[in-house]
Structures are given as structure tokens and as C-alpha cells.
Amino acid sequence: MSENRFTGTERYVAPPELTLAVNAAATLGRPLLVKGEPGTGKTRLAAEVAAALGAPLIEWHIKSTTKARQGLYEYDAVARLRDSQLGDPRVGDIGHYIVRGKLWEAFACPVRPVLLIDEIDKADIEFPNDLLLELDRMEFHVYETRETVRAVHRPIIVITSNNEKELPDAFLRRCFFHYIRFPDRDTMIAIVAVHFPDLKKDLLAEALNVFFEIREMPGLKKRPSTSELLDWLKLLLAEDIPPEALRAGEERRSIPPLHGALLKNEQDVHLFEKLIFLHKRQGR
Amino acid sequence: MLTGFIEALRANGLPIGLGEYLTLLDGLRARVTGPSVEDFYFYARLALIKDERHYDRYDRVFADYFGGIEAVFPPDPEHPRLAIPAEWLRRLSELHLSDEERAQIEELGWDELMRRLIERLAEQRGEHHGGDHWIGTGGSSPYGHSGVNPAGVRLGGEGREGRAVKVWDRREYRNLDDTVELGTRNLKVALRKLRQFARSGAADTLDLDDTIESTARNAGWLDLKLVPERHNAVKVLLLLDVGGSMDWHVRICEELFSAARAEFKHLKHYYFHNCVYESVWIDNRRRRTERVPTAELLNTYGPDWRLVIVGDATMSPYEITQVNASVEHVNEEPGAVWLQRLFAAWPRAVWLNPQPETAWEQTMSLRLIQRLARQRMYPLTLAGIDRAIRSLRSGEA
Chain Z
86 MSENRFTGTE
96 RYVAPPELTL
106 AVNAAATLGR
116 PLLVKGEPGT
126 GKTRLAAEVA
136 AALGAPLIEW
146 HIKSTTKARQ
156 GLYEYDAVAR
166 LRDSQLGDPR
176 VGDIGHYIVR
186 GKLWEAFACP
196 VRPVLLIDEI
206 DKADIEFPND
216 LLLELDRMEF
226 HVYETRETVR
236 AVHRPIIVIT
246 SNNEKELPDA
256 FLRRCFFHYI
266 RFPDRDTMIA
276 IVAVHFPDLK
286 KDLLAEALNV
296 FFEIREMPGL
306 KKRPSTSELL
316 DWLKLLLAED
326 IPPEALRAGE
336 ERRSIPPLHG
346 ALLKNEQDVH
356 LFEKLIFLHK
366 RQGR
Chain C
376 MLTGFIEALR
386 ANGLPIGLGE
396 YLTLLDGLRA
406 RVTGPSVEDF
416 YFYARLALIK
426 DERHYDRYDR
436 VFADYFGGIE
446 AVFPPDPEHP
456 RLAIPAEWLR
466 RLSELHLSDE
476 ERAQIEELGW
486 DELMRRLIER
496 LAEQRGEHHG
506 GDHWIGTGGS
516 SPYGHSGVNP
526 AGVRLGGEGR
536 EGRAVKVWDR
546 REYRNLDDTV
556 ELGTRNLKVA
566 LRKLRQFARS
576 GAADTLDLDD
586 TIESTARNAG
596 WLDLKLVPER
606 HNAVKVLLLL
616 DVGGSMDWHV
626 RICEELFSAA
636 RAEFKHLKHY
646 YFHNCVYESV
656 WIDNRRRRTE
666 RVPTAELLNT
676 YGPDWRLVIV
686 GDATMSPYEI
696 TQVNASVEHV
706 NEEPGAVWLQ
716 RLFAAWPRAV
726 WLNPQPETAW
736 EQTMSLRLIQ
746 RLARQRMYPL
756 TLAGIDRAIR
766 SLRSGEA
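Chains as they are written, first to last, in the numbering used here: chain Z, 86 to 369; chain C, 376 to 772.
Excised from the complex, chain Z in its bound form (with noise of 0.2 angstroms):
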């Protein structure tokens, strides 16, 4: 199991305490449940484990009205009874009407695969519990056809939350738990490297200042994260403004271009040329 080891891919920076993590949790067969700022790339990283093992990703997106059942499989009930009354031959076997559902769909892979639960907090509250067992043995019952589904191989299941509730304590005890740190400088710029290769060195420095001055700005509302740094890059560069243009000097005087990649709330655009308007009070 361990002779393939993620260490990260040429799109993804993973930190040594993440590949660890995934490691950890693919030897023993254990779900990881990944938590962090939104824009850390804790949804990208079940694709890119996928992409570095080699492995089938299978994704189960939760909304609020998600139930755990729906992972397992759906007794389509209605199909079933219109084609009774067609007569239609197949209605003897219930088997037919069952529809898999995404856990079912990684437990009967024929290989390894990955499983990504993306955002287990919006669903209701109860949701996690109603998976316990299913995570822990990776088998569940089937009513309809009194069957057992057993996991071929143990899926490396990658389950994000992002805080929005509190997930219970029998859950959290089956699972590993990492919560994904905000890149520092030198890890950031290792990003930007596999995200834009050719990006010229002045341009990056100055917009890292900017970055990491908006981020540690007290009273934001949402600090912005890589995702939109990388975004705002892209937009840099096809706008192709210059280095010069982000140089702030000592204070921030004018609010950086396409600052909206970066702040994607009103009140914190407000509170951004607030900040830059005292600044030029100041200055006078």
C-alpha cells in the first residue's frame, strides 16, 4: 500500500506535515478530514492525491438537503411501480431499481480510489453520524436485496469542512484530522511558481506585499487566500500592469489595480480606502 507515497504534484505544494497526513491516512485506511481558511485548496487536494497516485477520484459534493443514505444508494420506488403496471419484465428484480450512490461507487471499485466528501458542515447536523459505521467498517447493508457491500480495496476518503458546524465527536474519532495552515511567504512563492512559471521576480515581490499588507489589515472581513492571489496574478498579467503600479513605499497611498480579485466584499473595499485615505491625510 505504501510503495506509492503522495509527496505533492507538479501543480500542488503540499507542505511535508500534509503529505504526511495523506500518507498517514492511506496506510491505514482511514478518512482525513481537512479544515482550513476557504482558498487554502483543501478541495483540490483529493483531485490532486488522486492525480499522483494514479488513482479514480470520485466526488460527493454535500448540500444542506444531502442525507447520509444518498451516499449508500436510493431505492428508486416510483420506477419500480410504473413499470409494474407496464408490466415490464425487469420489476421481479429489486435490484434493478437500486441506484448507487457515490460511497457504494468507491467501495466497489476495482481499484484503489479517492473520495472526496466536500463540505460534510453543510449538511444537517446529524449527517456524520449517519455514516459512522459505513467510514469505520467500510461495509453497509443493503435492505432491499439483503446484500452486503464491502469495500473492495479501503478508499482514501479526503473529507472537508469549513467550520460552519460543529461536527460530533464519534465522527471525529474515526477520522484523521488536519487543518491546512496559511502558506507563509516562501511556500507562497512556491505556488506562484508552479501556477505561473514565467512570472517575472519584481512583479511577484510586489504583489506578495500587497498580498500579505491586505491580508494582516485588522478588521477584514474576508482575508483573501491563495485562491484569489493566483487569480489576481492571472489578472496582473493579462492586464500586464507593471511592477511600479503595486509599489506602495512606506504607506499605502492608492488602492492596488483589480484590487476586486483580492476583496470580495463591499465593506472591506470600504474599509480598504478608509484606511488608504487616512494614510494621505497623513502624508500632507
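Since the hints were made in silico from the structure, they are not lab data.
Incorrect hints may have been included.
Example chain Z residues on the side facing chain C (calculated, C-beta under 10 angstroms, incomplete) [what the hints assert, rightly or not]:
1) P101
2) L105
3) N108
4) A111
5) A162
6) R167
7) S169
8) Q170
9) R258
Once the Cα atoms are required to be at most 30 angstroms apart in a straight line, the calculated DSSO-like pairs of lysine-lysine come out as [said to hold, decoys possible]:
10) Z:K207 / Z:K306
11) Z:K319 / Z:K307
12) C:K600 / Z:K250
13) C:K610 / Z:K207
14) Z:K152 / C:K643
A virtual CB, placed ideally from N, CA and C, is assigned to each residue, including glycine.
Assemble chain C onto chain Z, guided by the hints.
Just chain C, lined up with the frame of chain Z:
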């Protein structure tokens, strides 16, 4: 060795069970980590800690258990190495000094500090934490570590404010650590007991029983029957005390509020200050201009609504019993009259109080309100909310 580590973590309030410990051992046996301490640090965190709020506490325990065992005195030829038991240095509390105190300590120079440390080491016989004299941790004495003393002498570990070397000494997760007794989840689970389902709205869910019956009656031809989906039909009117003595409890009220919001479809909230008088308000920023007469509340919401008042009921007793005694305005009728009206209009009502229950007897205004609320006052804790919900369901105290 690991058992001791687990015990140390548990002693610091980290919820680690046997399951986590076994997982940790499993992983070590399967050699998921390399031989370095840093790998072990990350892996043990992965397996044992399930909440980023606990990362900081974990870091501290880890540093103490694996790093702070050997405490070394600064290299000074005159003084040989002195070992200080690691237990002394276990960081128990954090303390903040006022600026004046900082200045005072800064006046003591380095030499003076050293001299006194030696003296004190000789005097001290036990371990000590968080005071301002003996050597220990987290205190404001200049000796020990993790304390706040600008001229302090470090004994083992890394300083809180200095640049640190080890990962676990970086303490990056400090902001995430908070010990909330009442999580939103707990509150929601407690509030859930008040749910009462009723069918209302458009008929869009299949009624299986009725469909089978109608189909049978229809000689086997399918006759689908639909019913409206079930919704939580409980209606809650929430009155929240804000400002003044309630500032201490803002956080807990916010949690309750956000939990209640998600749990009930019909939830109306209004604010008041100290005691309910002739008007309340919805928006705290416009509380002076946009007020809602309390009489309007009485007329708008029928007796099927449940009334939940959250307040510490701590004020001058005159604010309840007398005319013109409100701290904010001239009230023509005493608060007690309004409270009586509220409790008469909504027979199912409770008062939640963030003050600890043991302190209730000591405050006169609290006893007064307790009587007005017909003893249906409950502490704002999980157990208290449970009792309150039971009272709301049964209508009795």
C-alpha cells in the same frame, strides 16, 4: 513514554480516548512517519487532535513533554548549569502585565535579575505557577518561562514573544484556541427538543400509506397521493437584553441566537435594555430611532408563540418596580407591569439567565424577576436550556 504523553495531554483538557491512542500506535507500527521528532509531532497531532482549537494546547504540552525536559541556565562561567525540574515549568496560565508593571520590571537590570534568581532558587522548595514571585511558568515573576516579563530570564523552552525554532514552539494556532463551553452544535441539539412538526405549504411529498390505500381502491391502478412536507411549526419570540451588565455575556448570547436562528422557522427577536418597558427594538444600531411598541408585540404574536427572554436580570430593583426609574428614559409604567403583561400573554415563557444559578439569590432584582416569571428562570447552560425547553413544552416550571 507515550502513555505519559497522553496523560499529559489529557491533564491539559484535550479529549483523547483510548481509540486515538491505539490509532497512534497503529500508525507507528506501520511506520507512517520518519524517525524525526518533527514527523512524530505532526503524526501524533494528526491522530490525536481533532479540532484546530486544540492545536495550541497540544503544542504547549508537546514542547513541555519532549522539549522542556532539560532546562538550562544561561552559559555563565560563574554559575554552573542548574537543572530546574520540568514540572515547575509547565505552563498553566497566561498572565498579562499592565504597562506600568512592565516599566517597573524593566528597571531591574540583568545583573540584578541574575543575583535575585540565584537567591530565589535557593529559597524555593516547591513548584509554582502564575504568581509574581516564585520561579515557575506563566507568571509575572522575571524567572521561569512563558511569562510576560520584558527583562525575564528564560529557563527552558522558548519565549512567547521571541522568535522560536521548533515547530511546536511557534504556536501558530494560538488564535484558534478558545474554550467555549456551549458550542453552537450543543445549543442546536438542545433547542431541537422544542421542535414540533406540522404539515404546511405545497403538497410535494409522497404519502405512501395513502397512495397504497387509494391504489388498492383504484383496482391496482396507481393513484399517487401527495402531502405537504413537514416543517418545524414552533414559533419563538426571543427578547434579548443588550448593553450594560450584559456585555459580559454577549458571546454566549450570540451563540444561542445563531443556533436558534437555524433551528426555528418562525423566530422573531427584539432587544431591550435591563428590563422590558413600553418599547423594544430590532436593530441595535437604530435603537434610538426605530422602536417597536411592546403593545404591538402583544397584539401581533398569538398565545401559540413561545416567549424566551434572555437577560441577566441584574439591575437596581427600582428599575423593575418604580415609575420613571429606567436608566435610559422616562417610563410611565414600571417594568414589572410590562413583564406581567408579557407572561400573561404568553403562558409558555421562560427566562434564560447567563449568570450562574448559585448567584441568583444574592441579587434582589433577580429574585423579583424570578417571582414575576413564576420561577421559570433557567441558567444559560446546556442543562439549563434543557430544563427551559421542558418547561416550554409542558407550560409548567
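Handout entry: Violations among the numbered hints, reported as their numbers in ascending order
Key = 12
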